[in-house]
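Heads up: the sequence shown begins at 3 in this note's numbering, then just goes up one per residue.
Worth flagging that the hints you see were computed from the coordinates, not collected in a lab. For clarity, every value in this text was computed on a predicted model and none was experimentally measured. Check each hint, because a few of them may be wrong.
[As the list claims (entries may be wrong)] Distance windows between CB atoms, simulated:
#1 E13 with M56: 54 to 64 Å
#2 D15 with F103: 15 to 25 Å
#3 H90 with T43: 48 to 58 Å
#4 V61 with P16: 42 to 52 Å
#5 M56 with A76: 27 to 37 Å
#6 P55 with T93: 56 to 66 Å
#7 E38 with I14: 26 to 36 Å
#8 S101 with T43: 50 to 60 Å
#9 R32 with V61: 19 to 29 Å
#10 G20 with S63: 34 to 44 Å
#11 F52 with A76: 34 to 44 Å
#12 Q64 with L92: 39 to 49 Å
#13 E13 with G53: 54 to 64 Å
We treat Cβ as the ideally placed atom computed from N, Cα and C, and that holds for glycine.
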Amino acid sequence: MTTPPPEGGFEIDPVELGAHQQRLAGLVDRTRTAREAAVETIQPMAFGVFGAPMALKCVESQLEGASMLATAHAATEEHHRKVGSWLHDLTENELNISSLFATEVIGNA
Numbered sequence: 003m004t005t006p007p008p009e010g011g012f013e014i015d016p017v018e019l020g021a022h023q024q025r026l027a028g029l030v031d032r033t034r035t036a037r038e039a040a041v042e043t044i045q046p047m048a049f050g051v052f053g054a055p056m057a058l059k060c061v062e063s064q065l066e067g068a069s070m071l072a073t074a075h076a077a078t079e080e081h082h083r084k085v086g087s088w089l090h091d092l093t094e095n096e097l098n099i100s101s102l103f104a105t106e107v108i109g110n111a
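Sequences and hints are given; from them, build the entire structure.
Below, the structure is given as structure tokens:
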């Protein structure tokens, strides 16, 4: 994603940054699906009469897992949004402004 220029700084490739944001969009969708699935409750009788106590014991773990997935989804969404803002800033501001200062040699100057 970055190519070090001779002066030791770095340059950001907007195409690579856009590809990264697209991959993050897929991750946002997957974490959303996992979060939604985690909050689906199991019917106490889904395991029959003898399995009902076991289902009740699993509720606490289910709620803890759902909370962790919600946190992961929120972090993924935020990162996706920030990369999008960074890409917009790079393409709309930095590259446009730096092109104003670019010089072109015309003829044999």
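For this structure, which hints from the list above don't hold up? The structure conflicts with hint 3 only, although it agrees with all the remaining ones.
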